[in-house]
Amino acid sequence: MKINSLIALVLMLIISACGGDSNHQKSEESSGEVQSMISEPEDPMENWQDNKGIGPVSSVELGEIDPEIAAEGQKLYEELCTACHKVNKKFIGPSPKGLLDRRTPEWAMNMMLNPEEMIQKDPIAKQLLIEANGAPMANQNLTRDQARKILEYIRTL
Amino acid sequence: MKNTFSILLSFIFLIFLAACGNSGDKKDSGMMNTGDAAQKVYVAPGEYDEFYAFMSGGFSGQISVYGLPSGRLLKVIPVFSQDAEKGYGYNEETKPMLNTSYGFVPWDDAHHPELSQTDGVPDGRWIFINGNNTPRIARVDLTTFETTEIIEIPNSGGNHSSPFITENSEYVVAGTRFSVPFPQKDVPIDSYKENFKGALTYIKADEPGNMDVSFQILVPGYDYDLAHSGKGKSHGWTFFTTYNTEESHTLKEVNASQNDKDFIAAVNWKKAEEYLEQGKGKKMPSDYIHNYYDEETHTATSTEKKEVTVLIPSECPGLIYYLPTPKSPHGVDVDPTGEYIVGNGKLSADLTVHSFSKMLTAIENEEFEGEVDGIPILKLDAVSAGTVSSGGLGPLHTEFDGKGNAYTTFFISSEVVKWKLGTWEVLDRAPCYYSVGHLMIPGGDSKSPWGKYLVALNKITKDRYLPTGPEMNHSAQLYDISGDKMELILDFPTIGEPHYAQAIPADIVMENSKKIYPIEENKHPHAVKNEKDVRVERDGNVVRVYLTSIRSHFNPDNIEGIKVGDKVYFHLTNLEQDWDTPHGLSIMGARNAELLVMPGQTETLVWEPQKAGIYPFYCTDFCSALHQEMQGYIRVSPKGADVPIKWSLDGEE
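Chains A and B are the protein sequences, given in the same order.
Under the UniProt record's numbering, the first sequence has 110 at position 110, and the numbering climbs by one with no breaks.
Under the UniProt record's numbering, the second sequence has 525 at position 525, and the numbering climbs by one with no breaks.
Certain hints may be false.
In the DSSO-like style, the derived pairs of lysine-lysine whose C-alpha atoms are separated by at most 27 angstroms in a straight line are [said to hold, decoys possible]:
1. LYS97/A <-> LYS121/A
2. LYS529/B <-> LYS89/A
3. LYS532/B <-> LYS90/A
4. LYS193/B <-> LYS283/B
5. LYS75/A <-> LYS252/B
6. LYS646/B <-> LYS90/A
7. LYS97/A <-> LYS532/B
8. LYS523/B <-> LYS75/A
9. LYS86/A <-> LYS270/B
10. LYS89/A <-> LYS532/B
11. LYS283/B <-> LYS270/B
12. LYS97/A <-> LYS529/B
13. LYS532/B <-> LYS86/A
14. LYS327/B <-> LYS283/B
15. LYS646/B <-> LYS86/A
16. LYS379/B <-> LYS75/A
17. LYS327/B <-> LYS121/A
18. LYS75/A <-> LYS532/B
19. LYS90/A <-> LYS379/B
20. LYS193/B <-> LYS86/A
21. LYS233/B <-> LYS193/B
These are calculated hints, taken from the structure and not from any lab test.
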């Protein structure tokens, strides 16, 4: 009995001396992640009005649609977005039509500006990635100003 | 019971030792030193190296980029050879880069990379390299790590003493290793002494897109082997080593090694500029080609040149002098102060060091021992600063650490010897494995070396790595030179036969690194910058496919109406604007390579379909979870079929 517990003690010593500890810590971290995934609501699209997304944009003020800015946005949209987004149908990604009826303007701009982090962390973006068969939104390196112009164009659709 | 217990205890103790890697043994087997070395070269995953090292790929024709101290291969930059991995020299945009006056030459022997300098210090803007075989010099832009310019060197054979740069990147030089008739003509080879001449060429290098042969100096028909430009007090001068002052043309191994002394040619290029201004340059007909890759059109163009300006030494006193140097000198290296010119006599055991100041005095006092073709030969005693008696065999090259020390490679005795400038005393020697050629210290041929590491570039690798058949990659060895003694800390294999290398602190290059080509700046004549413009056009038997790519599809991906006998140009624009997201394009049966198109770039692949049928095409560069699905089909109909041109994506035409 005494010997057995001694063996156990020494074994533990071996494990800790040989760096088993860090592995242990890591598995704790990842189980934490699993936990947070489980606690997400079943439908991430619910309460979309509270979701501003993750990224540089925390508030957007929308006034009357500015046709000049929208025209500039259309040009950018056609050059940088139409490879994956068509106005009249879901293509690789969703149609932008009626975007602000289902997403906040902040969310929309953060998705344009920070797609990598959004598809990893934002519940709506994660759901959309699944719907796009795992095709990630391409980061087109837009400036904040360009993203705002594209948003203005989308409002006209 | 007590006995069993202690046996068990010692048993457990043994397991404990074994499980933890026998650290007790390390000291005895010398493993502690290895551990220290490993720590010195260890760059943790995700961390960056301290230096970029650029090594010539030798007969691979390329430059390979390594991180130091880790020895990690970061990139292979295609320069003088076609590179199927990147489509370089295969796609329509880069084919012109390999044009020469002989036509398309898809290979060369790349020898000496040389970083651009400002005030004698590497500035990280460009790196130049010579093509030895079909004489050429290339410029690589270090914002993109792409070859952007190549100029051919006329009237030369074996562009070896090249492209050693001047202090402010005014010129790169190109001395001919093999003398040839100047201009070329059909003569008996045994009329060498009468008909063969050397050319020392100065290429204007300070303005991208405008590399040009500024002037050539017509010199006796020796072999001009290596060079270095002066710096500091010797700025304005270039030094070239020569061998074959015997002017032999056969069995040179013996016949070019008869004379006890050959020369270092000292060229006053500032004086050359004066003579050119005075109109002393002679225009001579000549054929050579200049190629330039424009980053906005993503396309290279070739320009033919028909003339060079030549200076004749006998008509230009003070332009060039010969410094006698024993014996068949190979490397010529100028120390950071610009005072000492080190000649490595490869058939000698000693190094001959000339003094620049003594040379100027000797010129002033006309201390000459003779003259060849109007070039005065200075007296050795009048210019010599000292001799390093090393006891090694076959000295080749010298670099400097900026702390008053020089390091010379000895090819035959396979070692690096450290010695002191001024006292010529040998301080240390370290063996190399094996047959070391060049060596490199970051900035080691500039005014301000970063004298922390030394890389030995070895020709023979046997016994160092796992055998890979009769041929093995050449070997680079990294030494820590921060202490009094050199310490070997890493071996790593290199590509081709690396001749020389250059290195520069990573942050100088990194901060200017480009990540994408902005799509709005794309001025390629066949770019598609808007999905609305994708199309297929026929003009006779020429078909142009205007194609786009983005993760994870091509547009269009169904193409019909191509016929056997057509010449099909695929103009692919990569619409991505994200770092490190190139897309490839490859077509079954195409007698070509793939395209690899950088974000925002347009490239063109030519395809001449041979047989009717359906041909898949796909992206070669794994780009997303749906990379596998990034594909399309082309229908090829027989010659004369009436299938109309048609294209679509997702059924939309």
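Q | Violations among the numbered hints, reported as their numbers in ascending order | A | Hint check: 5, 9, 14, 16, 17, 19, 20, 21 fail, others pass.
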